[in-house]
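> The residues making up each chain are set out below.
Protein chains: 2
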Amino acid sequence: MSRPSKAKRGIPPKSDFNSWYPSIVEIADLVDKRYPIKGMDVWKPYGLSAMCLIDSLARSEMRRTNHQEYRFPLLVPEDLLDKENSLVSRLKAAREAGVDPSELRLDEEESGFKKEVYWVTHGGENELEVPMFLRPTSETPMYSMFSLWVRSHADLPLKTFQIVNTFRYETKQTRSFIRVREIHFFEAHTVHADQNGADSQIEEDAEMVRRILRELCLPSIVCKRPVWDTFPGAWYTKAADVVMPNGRTLQVATYHHYRDQWAEAFDLTYEDSEGNTKSCHQTTFGMSERLLGAVVGMHGDDNGLIMPPSVAPFQVIVMPIAAHTDPNVTAAVEELSERLTNRGLRVEIDFRDVRPGVKHFDWEIKGVPLRVELGPRDLSSGKCIVSLRTGGKVEVSLDDAPSKIFELLDSVSDELRLRAEKLVSQLVKPFPLEKIPHDDSFEDKIEDGIVYELPFSGNDSDAEILEKKTGLTLLGESDREFDSDKPCVITGNLTSKRQFVSKMY
Amino acid sequence: MSRPSKAKRGIPPKSDFNSWYPSIVEIADLVDKRYPIKGMDVWKPYGLSAMCLIDSLARSEMRRTNHQEYRFPLLVPEDLLDKENSLVSRLKAAREAGVDPSELRLDEEESGFKKEVYWVTHGGENELEVPMFLRPTSETPMYSMFSLWVRSHADLPLKTFQIVNTFRYETKQTRSFIRVREIHFFEAHTVHADQNGADSQIEEDAEMVRRILRELCLPSIVCKRPVWDTFPGAWYTKAADVVMPNGRTLQVATYHHYRDQWAEAFDLTYEDSEGNTKSCHQTTFGMSERLLGAVVGMHGDDNGLIMPPSVAPFQVIVMPIAAHTDPNVTAAVEELSERLTNRGLRVEIDFRDVRPGVKHFDWEIKGVPLRVELGPRDLSSGKCIVSLRTGGKVEVSLDDAPSKIFELLDSVSDELRLRAEKLVSQLVKPFPLEKIPHDDSFEDKIEDGIVYELPFSGNDSDAEILEKKTGLTLLGESDREFDSDKPCVITGNLTSKRQFVSKMY
Chain A
88 MSRPSKAKRG
98 IPPKSDFNSW
108 YPSIVEIADL
118 VDKRYPIKGM
128 DVWKPYGLSA
138 MCLIDSLARS
148 EMRRTNHQEY
158 RFPLLVPEDL
168 LDKENSLVSR
178 LKAAREAGVD
188 PSELRLDEEE
198 SGFKKEVYWV
208 THGGENELEV
218 PMFLRPTSET
228 PMYSMFSLWV
238 RSHADLPLKT
248 FQIVNTFRYE
258 TKQTRSFIRV
268 REIHFFEAHT
278 VHADQNGADS
288 QIEEDAEMVR
298 RILRELCLPS
308 IVCKRPVWDT
318 FPGAWYTKAA
328 DVVMPNGRTL
338 QVATYHHYRD
348 QWAEAFDLTY
358 EDSEGNTKSC
368 HQTTFGMSER
378 LLGAVVGMHG
388 DDNGLIMPPS
398 VAPFQVIVMP
408 IAAHTDPNVT
418 AAVEELSERL
428 TNRGLRVEID
438 FRDVRPGVKH
448 FDWEIKGVPL
458 RVELGPRDLS
468 SGKCIVSLRT
478 GGKVEVSLDD
488 APSKIFELLD
498 SVSDELRLRA
508 EKLVSQLVKP
518 FPLEKIPHDD
528 SFEDKIEDGI
538 VYELPFSGND
548 SDAEILEKKT
558 GLTLLGESDR
568 EFDSDKPCVI
578 TGNLTSKRQF
588 VSKMY
Chain B
88 MSRPSKAKRG
98 IPPKSDFNSW
108 YPSIVEIADL
118 VDKRYPIKGM
128 DVWKPYGLSA
138 MCLIDSLARS
148 EMRRTNHQEY
158 RFPLLVPEDL
168 LDKENSLVSR
178 LKAAREAGVD
188 PSELRLDEEE
198 SGFKKEVYWV
208 THGGENELEV
218 PMFLRPTSET
228 PMYSMFSLWV
238 RSHADLPLKT
248 FQIVNTFRYE
258 TKQTRSFIRV
268 REIHFFEAHT
278 VHADQNGADS
288 QIEEDAEMVR
298 RILRELCLPS
308 IVCKRPVWDT
318 FPGAWYTKAA
328 DVVMPNGRTL
338 QVATYHHYRD
348 QWAEAFDLTY
358 EDSEGNTKSC
368 HQTTFGMSER
378 LLGAVVGMHG
388 DDNGLIMPPS
398 VAPFQVIVMP
408 IAAHTDPNVT
418 AAVEELSERL
428 TNRGLRVEID
438 FRDVRPGVKH
448 FDWEIKGVPL
458 RVELGPRDLS
468 SGKCIVSLRT
478 GGKVEVSLDD
488 APSKIFELLD
498 SVSDELRLRA
508 EKLVSQLVKP
518 FPLEKIPHDD
528 SFEDKIEDGI
538 VYELPFSGND
548 SDAEILEKKT
558 GLTLLGESDR
568 EFDSDKPCVI
578 TGNLTSKRQF
588 VSKMY
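Protein sequences, first through last, are from chains A and B.
Going by my numbering, the residue at position 421 of the first sequence is 508; the numbering climbs one at a time, nothing skipped.
Going by my numbering, the residue at position 290 of the second sequence is 377; the numbering climbs one at a time, nothing skipped.
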């Protein structure tokens with residue numbers, strides 16, 4: 088029986104990741120990129136279903152941690168920005184007074200913001216009195232309302248989230264899920280009585296990110312971003328980056344501690360139990376369709392996607408074999424499918440009148456974790472054959488198929504985690520030099536597509552030297568703890584801090 | 088025990104519907120209208136949850152009828168409208184040649200469309216080469232892609248839907264859920280090989296609307312809209328209207344038969360089994376957050392909302408009574424809640440440390456169908472008290488509480504249907520005259536807030552007379568069948584057709 092060749096699939100080898108990725112998102116029917124606005128893809132049913140399952144992971148974490156789901160308007164009137172601008176001015180003044188280095192570059196961010204949004208200027212044929220922009224994220228619309236909602240300490244903490252479309256006027260090259268202009272976006276915003284409350288929230292966010300990335304079988308690097316890469320108005324920003332197979336890092340989640348900086352700009356105060364008016368402390372936590380981009384990029388292979396069972400639109404495909412020769416096959420396939428569905432699995436029967444090879448081929452591209460074949464011979468032996476998308480086949484007794492299939496799904500997840508960890512361990516290396524020399528003699532030691540971990544404790548201008556000399560971007564300070572002090576690669580001062588540099592998406 | 092008075096709730100009496108409706112949507116915490124753009128409300132958790140449950144009803148119908156969920160971009164480049172404009176021109180030419188009266192007023196619709204959309208003219212500081220508009224509905228973006236997807240008869244039927252935000256630059260007075268500028272919108276779009284296929288789709292749409300409205304306990308009037316109220320490019324439009332308590336009708340669902348008119352404009356053709364190129368036939372089916380508006384408006388009473396159990400965010404509230412006097416109460420409440428949850432019910436325990444009267448009051452406003460009280464006395468008698476939001480209390484044995492609660496939820500639904508049907512029967516009346524006289528002598532016979540059913544078979548100018556003389560709008564021809572012929576109220580010609588006139592939202 089002839090099997091469609093890889094060339095026929097049109098999938099480039101995954102070793103050529105920069106060709107493979109943009110091809111597979113369309114070949115596997117996740118999106119259609121032919122919509123006439125670049126960076127605004129059409130979500131096809133398979134892609135949308137995977138994305139909604141990722142949303143379900145986020146919703147379930149939000150429920151577990153008592154966040155409530157809201158939905159705020161897409162359009163923001165320009166004059167609401169006055170409050171944000173006042174934040175920027177105040178922080179600028181503070182910076183000039185030498186108060187806190189974390190607010191550096193805020194003025195640039197502010198003007199950058201206006202450059203990055205889409206502006207609605209007309210309603211019908213009328214020019215709007217106040218132009219509106221499409222939300223790039225929702226601090227401004229949300230905090231305007233929060234200041235109406237929060238009155239007393241009894242209203243705190245306020246833990247909110249929404250899953251919405253956001254927009255960015257992107258001028259760089261667009262890439263499905265990774266850099267798009269209409270973004271499928273998750274954002275949680277919380278308000279607390281004091282800094283402790285916000286501190287705990289940041290820890291809760293970190294834990295949620297760990298749990299979600301574990302479900303997606305994605306290892307990540309968690310860093311505290313350098314000051315100039317901190318979200319405007321934030322005290323600090325932490326981010327989780329996934330190392331993609333080409334060695335570029337993809338920021339998939341960020342969480343920001345705002346202290347009371349935004350709250351002061353938005354008059355977000357409350358009355359404490361003693362009747363004193365106090366400023367709230369705030370945090371935000373953001374994720375997006377980049378999570379799907381990371382899943383696609385990390386787990387797929389030369390034959391197509393491999394979907395982690397937690398978010399696979401179909402976890403199990405059941406394929407009747409030679410059903411025309413035995414009338415019991417169809418009934419058995421339906422019964423098995425029903426048993427699996429009743430256990431909460433996402434199951435699809437492929438009844439198409441095409442050869443089994445074609446079915447395998449199609450579901451392989453889509454990355455369905457398990458394929459079950461059931462034919463007359465299997466029925467008489469009381470067994471069925473289960474193929475794992477990660478490789479291998481297992482004979483499973485029909486009687487305890489459901490529990491065995493749960494085990495096999497777990498083993499697919501475990502295998503994906505192992506492979507991902509192995510890949511990342513090859514792509515993240517210690518920096519090859521103890522100290523970066525003044526000349527460029529070391530340049531041949533920097534490998535393409537590698538993320539470097541290095542001891543670094545320099546200031547901003549040291550970081551600038553580091554980035555310039557390596558041609559890489561500073562991700563920030565690793566969240567992990569290190570025992571040994573090592574000399575900083577720029578200053579030579581001993582430090583326990585480790586930082587990462589990479590080519591970022 | 089003092090009970091908060093109605094005045095304290097701030098709910099106007101429902102008999103003053105035009106004050107009651109805008110108040111209750113905020114008092115029951117469905118939305119916050121204080122966002123600084125009129126007609127763009129903030130969805131609060133309770134309202135969003137109810138809306139998502141209505142979406143679930145739509146999704147479940149879509150699954151049952153093999154529609155697939157997509158998500159298309161929000162922004163549409165103006166030049167995509169060229170195709171739509173060519174549709175308008177061709178139909179205009181056809182009309183001038185006297186081909187089909189159904190395309191009347193299309194040119195007006197076209198210019199009306201441009202008046203009703205929001206225009207994005209700038210990305211950052213750059214003026215866009217091609218302006219884009221925010222979708223008011225998605226024919227143009229979807230059909231541009233459909234023409235890439237449909238090649239042969241094997242690709243048909245193509246049955247798609249999406250649930251998205253759409254936008255309308257609304258100049259009339261806005262009302263939560265009923266007339267808004269950012270619309271939570273459902274739209275299904277289908278492509279068929281021939282007119283028969285589209286005909287069957289229209290029947291399927293009608294059946295879905297019936298099923299969804301039954302779940303929402305909403306009676307409706309289904310009409311074929313008059314030609315001038317037909318969607319641009321449609322052969323005909325049918326709509327379901329709900330009669331609100333003030334006698335105004337609210338269009339909650341429409342379905343359109345396009346024949347091949349849109350397909351020709353969008354080059355949407357396929358190759359049939361004999362190799363001939365043919366034009367596709369199309370339909371669309373739309374609903375929106377107006378469904379929630381109808382639920383709120385129809386079922387609520389002087390004390391707040393009454394949510395139909397199918398879409399109630401909480402179907403059952405369990406209230407511990409005197410839990411401080413008996414440590415078994417909390418455990419019993421939790422156990423009961425778990426038993427109900429395991430049966431698939433949406434249950435919330437109200438553990439708040441406030442008086443039972445306050446709890447009743449709060450959940451009454453939110454319209455939770457059933458409230459269960461469980462205290463020490465109930466535990467010893469093995470029973471609990473269930474209060475129905477539609478009135479009355481029932482003592483239920485704890486042993487078979489779950490099945491009894493399912494019955495009680497059904498009885499709440501039945502009661503809501505009965506009440507709604509009774510109300511509508513009072514608001515829809517036969518027209519009081521056999522024939523509308525030339526003078527205005529009959530005007531005192533037209534009651535305010537009444538929908539009239541009347542025999543009418545006149546032409547467009549007769550309809551204009553009818554609308555002008557009654558001050559009401561023609562909803563169109565009733566979908567029901569009538570045995571007896573009666574004289575048309577304008578022409579006097581005998582007709583079996585019945586039409587409705589009303590004040591429309």
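Any given hint might turn out to be false.
Given that identical chains are not distinguished, each listed pair holds provided it fits within a single copy or across any two copies.
[As the list claims (entries may be wrong)] Quick list of in silico lysine-lysine cross-link-like pairs, DSBU-like style, CA-CA up to 30 Å:
| hint | residue 1 | residue 2 |
| --- | --- | --- |
| 1 | K120 | K491 |
| 2 | K125 | K170 |
| 3 | K125 | K202 |
| 4 | K246 | K125 |
| 5 | K365 | K555 |
| 6 | K170 | K120 |
| 7 | K201 | K125 |
| 8 | K120 | K201 |
| 9 | K246 | K470 |
| 10 | K584 | K120 |
| 11 | K446 | K246 |
| 12 | K470 | K120 |
Calculated directly from the structure, the hints in this document are not laboratory data.
> Would you mind marking each hint as holding or not holding in the structure?
Structure-based check of each hint:
no. : hint        : in the structure
1   : K120 x K491 : neither (39 Å within a copy, 52 Å between copies)
2   : K125 x K170 : between (33 Å within a copy, 20 Å between copies)
3   : K125 x K202 : both (18 Å within a copy, 26 Å between copies)
4   : K246 x K125 : between (35 Å within a copy, 26 Å between copies)
5   : K365 x K555 : neither (44 Å within a copy, 61 Å between copies)
6   : K170 x K120 : between (38 Å within a copy, 20 Å between copies)
7   : K201 x K125 : both (20 Å within a copy, 23 Å between copies)
8   : K120 x K201 : both (27 Å within a copy, 27 Å between copies)
9   : K246 x K470 : neither (50 Å within a copy, 37 Å between copies)
10  : K584 x K120 : neither (43 Å within a copy, 49 Å between copies)
11  : K446 x K246 : between (46 Å within a copy, 23 Å between copies)
12  : K470 x K120 : neither (43 Å within a copy, 60 Å between copies)
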